[in-house]
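Chemist: Chain by chain, the residues run as shown.
2 protein chains.
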Amino acid sequence: MSSRVASAPASGEDSLIARYFKPIATDPGAFALTDDAAVLQARGSDIVVTTDAIVEGVHFLPDDPPETIARKALRVNLSDLAAKGAQPAGFVLTLVLRTADDAWLKPFAAALGEDAKSYACPLLGGDTVSTPGPLTISITAFGRVPVGKMVQRRGARPGDRVVVTGTIGDAALGLDILKGGAVATAIAADAAARQALVGRYRVPQPRNALAAAVRAHASAAMDVSDGLAGDLTKLCAASGVSAVIHAPGIPLSRPAAALVAQRAVDIDTLIAGGDDYEILCTVPEADFEAFAQDARRAGVPVTPIGAVIAGSAIPSFLDGQGRELALKRRSWSHF
Amino acid sequence: MSSRVASAPASGEDSLIARYFKPIATDPGAFALTDDAAVLQARGSDIVVTTDAIVEGVHFLPDDPPETIARKALRVNLSDLAAKGAQPAGFVLTLVLRTADDAWLKPFAAALGEDAKSYACPLLGGDTVSTPGPLTISITAFGRVPVGKMVQRRGARPGDRVVVTGTIGDAALGLDILKGGAVATAIAADAAARQALVGRYRVPQPRNALAAAVRAHASAAMDVSDGLAGDLTKLCAASGVSAVIHAPGIPLSRPAAALVAQRAVDIDTLIAGGDDYEILCTVPEADFEAFAQDARRAGVPVTPIGAVIAGSAIPSFLDGQGRELALKRRSWSHF
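Quick mapping for you: the protein sequence lines, in order, are chains V and F.
The end of the first sequence is residue 335 by this note's numbering, with every number in the run present.
The end of the second sequence is residue 1335 by this note's numbering, with every number in the run present.
These are calculated hints, taken from the structure and not from any lab test.
Don't take every hint at face value.
[Unchecked claim] Here are the simulated distance ranges between beta carbons:
1) F:ARG1098 / V:GLN195: 32 to 42 Å
2) V:ALA261 / F:ARG1019: 27 to 37 Å
3) V:ASP63 / F:ALA1264: 28 to 38 Å
4) F:PRO1065 / V:ASP190: 38 to 48 Å
5) V:ALA212 / F:GLN1195: 52 to 62 Å
6) V:GLU285 / F:ARG1098: 44 to 54 Å
7) V:PRO28 / F:ARG1323: 34 to 44 Å
8) F:GLU1114 / V:LYS149: 30 to 40 Å
9) V:ALA32 / F:ARG1157: 39 to 49 Å
10) V:LYS149 / F:LEU1061: 16 to 26 Å
11) F:GLY1181 / V:ASP266: 52 to 62 Å
12) V:ASP102 / F:GLY1180: 51 to 61 Å
Computed from a predicted model, the values in this text were never measured in an experiment.
Just so it is clear, CB atoms sit at the ideal spot from N, CA and C, and this is done for glycine as well.
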């Protein structure tokens, strides 16, 4: 039992929770974090459950600020809820920490609380455990959808449009910059672009404003987290269809487009890079105008990039001349 | 981006999930693990949410069998649901792995699937991420209770009986044996006792059979995970009361009682050790007979060990002569 740290009843873990996380656990179902469990009221809805962990050195870098780590941990989950057409309902947090470092925990909890408030996704509970390994943050988030209405990956039909929100590839470029890769050199003179791309890697902007439109119009949807090409492949596989994408139509940010134009990066990097946290969905042709209008009202840019076709082939990405791009990779995996 | 492992669309992570976890994700809300999220149907109930992570070297030992690690990871959460009076409804799993080792994952998933089935708590989804650090398993489990009926830590009233299920301290002794501590020496001759105590540490026996009785009769409840003394202190603090415990009345297993009798361990070790995963609850005097009867029907041994009293003092543990025991510690903490 010697590896366990004996302590007085007001243990380090408890006072850590009280100090930093109790103030942000304002939902009555959280019982101010003084209970073993939380209550999530379903209010007649289905509960959508999603869980995503982020690991130091894998999903964020050791010297990323605690504020951006907190926001990313929650937002990668909010992004899943958005893509499923669900309204955020709350989340639980598991913090796997090396040390209980106040200078790190205080800004982490504050930023998490801000996001919980602005996305109306309250902290309901959590667990804090020690590790000799890398900092790991696991969040399970909950959303509400009308019964039976969660938007699935399966459901895409030949003829549907393939649509993405925002721009693709920025986060992959941001990560390369943080690691001092080729992009860092290519973009050295443009501080604003550098900052914008790094920001996309560190702090996703989940598309929760689009959830209702996705639920109303999309035949299938998921968020883009492991690379557009690979994630589209997964969506098509789940739906039993294929797709053709017009690669020059994939929406790029100004800095990403400039880097492609000067051949500092190729398209593979952008569409296989991951960490976009945009929504990829398929929308029946007849619904597309209404979907685009709802998206405009929600303030979320959406771009049609191709079409669902019949078949089981891996989706193809065509260049401006209609030739299929030979992608060196489509996504990434932990193992 | 070099730290990320590029891969074909059928990535290692995806095929790992398909191979080992899809077969046990039989609930329709899990979508055979092919979606980003799961659906949990509330069926008119409140959803009780609990989350507990276990870390290699902290909550289990590096050479513990994968089967027992899987069962412990789920059961520590099932134990929380039981103490809250909730019926298991499902869980999500976050696996933080060093390597995707088939020889480890196969028995892990099989044992997890067995427990999911026998406790009627289906796997709904999860996330698998890589780490250079220790194996960490985070589970968020869900239960259903009638709206507003979750049993809380607060609610204990002066005069209520303090009750525990099963026996206390066995898991702490089991851990000491696995670490080759003093208990290992004291018990060297008794292989059956050694095995029983180690089993209590490795594979908790959560008291889900008692959930309905707890909901019907307990004024407050929690599970004993960090040591009876410390957990009772938490329950009393949440309820704004104190308690007096008759220490000789704390139920001990035969091997634990023998070790105390031969002075190989003291009572502190047993009541501050943790990992019991028994239920600690308070039951109004008028309800006690009915509670005990329901417990008998459920096949769960329950023992009254003391009484709730007014006040804010830390609960006291009295010896056979009514003298207060000076506890060196009451529980343990990660930090």
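Chemist: Which numbered hints does this structure break?
Modeler: Violated hints: 2, 3, 4, 9, 10 and 12; rest satisfied.
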